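Visitor: Each chain, letter by letter, is given below.
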Amino acid sequence: MKPAIQFNRVHKHFGELQALNGIDLTIPQGEFFGLLGPNGAGKSTLINILAGLLKPTYGSASVMGYDVVNDYQAARMALGVVPQELVFDPFFNVREMLRFQAGYFGRGRENDAWVDEILEGLGLTDKAHTNMRKLSGGMKRRALIAQALAHKPPVIVLDEPTAGVDVELRQMLWEFIKKLNRDGHTIVLTTHYLEEAETLCSRVAMMKQGEIVALDSTANLLNKYAGKNLRLDLGGAPLPAPLFSMLKSGEHGVYMLALSHLSQVEFALSELRKANVQIDDMQLIEPDLEDVFMSLVGSASHRNTDSILQS
Amino acid sequence: MRLINQKWRGTYTLFKKEVLRFWRVAFQTVASPVLTALLYLLIFSHVLASHVQVYENVAYTAFLIPGLIMMSLLQNAFANSSSSLIQSKVMGNIVFILLTPLSYLQFYIALLAAAMIRGLFVGFVIYLVALFFVDLPIVHVGWILTFAVLGSALLGTFGIIAGIWADKFDQMAAFQNFVIMPLTFLSGVFYSIHSLPPFWQVVSKFNPFFYMIDGFRFGFFGKGDVSPWLSLMVVIGFLLGLAWVCLKMLKSGYKLRG
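Note that the protein sequences, when read in sequence, are chains A and B. Take the first sequence: its position 257, counted from the start at 1, is 257 in my numbering, and no numbers get skipped. Every number in my numbering is 311 more than the matching position in the second sequence, counting from 1.
Among the clues, some could well be false.
Unchecked claim - The list that follows gives simulated cross-link-like pairs (lysine-lysine, DSS-like), each with its CA atoms no further than 25 Å apart:
| hint | chain 1 | residue 1 | chain 2 | residue 2 |
| --- | --- | --- | --- | --- |
| 1 | B | K400 | A | K55 |
| 2 | B | K400 | A | K140 |
| 3 | A | K140 | B | K327 |
| 4 | A | K179 | A | K152 |
| 5 | A | K140 | A | K178 |
| 6 | A | K178 | A | K152 |
| 7 | B | K318 | B | K534 |
| 8 | A | K127 | B | K327 |
| 9 | A | K55 | A | K2 |
| 10 | A | K55 | B | K479 |
| 11 | A | K55 | B | K566 |
| 12 | B | K400 | B | K562 |
| 13 | B | K562 | B | K479 |
| 14 | B | K479 | B | K534 |
| 15 | A | K228 | A | K248 |
| 16 | A | K152 | B | K327 |
| 17 | A | K55 | B | K318 |
| 18 | B | K327 | B | K562 |
| 19 | B | K400 | B | K559 |
| 20 | B | K566 | B | K400 |
| 21 | A | K140 | A | K152 |
| 22 | B | K400 | A | K134 |
| 23 | B | K327 | B | K400 |
| 24 | B | K327 | A | K134 |
| 25 | A | K140 | A | K127 |
| 26 | A | K2 | A | K152 |
| 27 | B | K516 | B | K534 |
| 28 | A | K2 | A | K134 |
| 29 | B | K327 | A | K55 |
| 30 | A | K127 | A | K152 |
| 31 | A | K152 | B | K318 |
| 32 | A | K274 | A | K228 |
| 33 | A | K55 | B | K562 |
| 34 | A | K224 | A | K248 |
| 35 | A | K127 | A | K178 |
| 36 | A | K248 | A | K274 |
| 37 | A | K178 | A | K2 |
Unchecked claim - Computed footprint of chain B on chain A; a stretch qualifies when at least three of its residues, placed anywhere within it, have a C-beta under 8 Å from a C-beta of chain B:
| hint | segment |
| --- | --- |
| 38 | 44–54 |
| 39 | 102–116 |
Just so you know, the hints here were simulated from the structure itself, not pulled from any lab data. Given the structure is predicted, the values throughout are model-derived calculations rather than measurements. Virtual Cβ for every residue (Gly too), placed ideally from N, Cα, C.
Using the sequences plus the hints, can you model the full thing?
Guide: Put into structure tokens, the structure is as follows:
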């Protein structure tokens, strides 16, 4: 089976700036994939290359096996992109926009049933005849997603779809997108909300300064890069000095220790006993993607500073 | 066959959207240029009718009308494609077109056809309204249609070029005020270039608008400042040149795709 998305050594330079630095990435069909990274990491550049809005400086990319430059028409037929900015055409209502959008892809009235399904799924049915200008921000966001889906693409890319969206709408969007994924659509999502990626994505890539610094299943990343945390409430007593090296954060006598291995719990407890400190409360906390993210992005930035110093 | 169908539908959809775009605001895009043309007609014909006779047996008011029709036709064809592009660039919604499989040629055809429709429609309405004021002969309907179609295509293409090039509304306004307006007003809308001093006659002959208006007017009166065949050659030449530039820009993705 052809991969839904493939990047082969993709570089993108804007003058001196190297926005992407040799991206290799394959996303199989049916996956729910997360693309994470701080602002300026190159996520949007990568998506724009996929969508044909930017041309790679070198390297190639494909959607469902179709090269995005040489076979761009087939590639774009297979791809639906939800842009990051809340853009809209002020002249038309929601249904008209969706019909037009499907029409650009060569789809006509036979596509109307699908358009109705999208409107329904996104809670836009009663706004179908409302002018785009008159929609609230949240409704505009839904309409934007609907537009990307109008031609029923097998691969859907959402660039920060939940930025500035309230919690209720966010939940609703995720239910809808999860359903699309269950129906066989490949989903790629960029987000700042790490907990979102953690609950939704089966695999994630973390980007930093135009490179992928981690690429694995969400579970593996959590295991590999983020050890568990030990939360200790010492009732205001100070933390014994030998434990300082493990300290992540601490205030008002409540300390968070980072464990690289579970056996460190024993070490911590014995140190506390030695120092005669009483434990009021103790909790073992599961890691989250934020920890992975911080550890990777943090170390990557050190590595880059080193390489800059060396050069 | 399916592919041809699909491509045709894509192009047609974009064309339809572009036509609806101006039709939704027809008061501004059709009624207002018609009113402007009529004001020109009333004022100039009133002031100049007794002073100016350009061709024998042709009243100045009658002489003026083809010029005004063509001027409005050209300006509106230009306005349609240029304002559609600059608006969707500034608003950012051009991305919805750029994400589609529409080729640069389909894009060109759809935008151009919509611009031509607006230009021709405005011109036609002015013609109909003008009939209430003056008897207008039609000597060669073929020349009238030829120059109307070619003129709207030329300015529609020019509008696409300007729309791609301009990044902001004020750049577009500058284009309109410093290029389109002088070229229209110095093209013989209101006069025959034979009434100009020799130097300005020569200058006018480098203005493509002059040939579009002169050839168009020839269709009404069977008379013109130059042969309609010469005008035809010049207009086709300019149209091909601009279409080439425009397609080059679109194909390279200039200012649209990075």
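Visitor: Take the C-alpha atoms of B:K400 and A:K140, compute the straight-line distance between them, and say whether it is at most 25 Å.
Guide: Between B:K400 and A:K140 the Cα gap is close to 18 Å, so the pair holds against 25 Å.
Visitor: Run the distance test for A:K127 versus A:K152: straight-line Cα separation, threshold 25 Å.
Guide: Roughly 20 Å between the alpha carbons, so the hint for A:K127 and A:K152 holds.
Visitor: Are the Cα positions of A:K152 and B:K327 separated by 25 Å at most?
Guide: Measuring from Cα to Cα gives roughly 22 Å; hence the hint holds.
Visitor: Below or equal to 25 Å on CA atoms is what counts here, so check A:K224 against A:K248.
Guide: Roughly 18 Å separates the two Cα atoms, so the pair holds.
Visitor: Tell me if the straight-line CA distance from A:K248 to A:K274 falls inside 25 Å.
Guide: holds (21 Å)
Visitor: So if I understand the rule, the pair passes when the alpha-carbon distance is 25 Å or less; does A:K55 with B:K562 pass?
Guide: holds (13 Å)
Visitor: Starting from B:K562, check that the Cα of B:K479 is at most 25 Å away, please.
Guide: holds (22 Å)
Visitor: Can the restraint linking A:K2 and A:K134 be considered satisfied, given a maximum Cα separation of 25 Å?
Guide: violated (42 Å)
Visitor: Going straight from one Cα to the other, do B:K400 and A:K134 come out at no more than 25 Å?
Guide: holds (20 Å)
Visitor: Taking 25 Å as the top limit, are the C-alpha atoms of B:K400 and B:K562 close enough?
Guide: OK: B:K400 and B:K562 at ~17 Å, within 25 Å.
Visitor: Assess, step by step, whether the Cα of A:K140 is no farther than 25 Å from the Cα of B:K327, and give holds or violated.
Guide: holds (23 Å)
Visitor: Below or equal to 25 Å on CA atoms is what counts here, so check A:K152 against B:K318.
Guide: Roughly 17 Å between the alpha carbons, so the hint for A:K152 and B:K318 holds.
This entry does not satisfy hints 7, 14, 28 and 29, going by the numbered hints stated previously.
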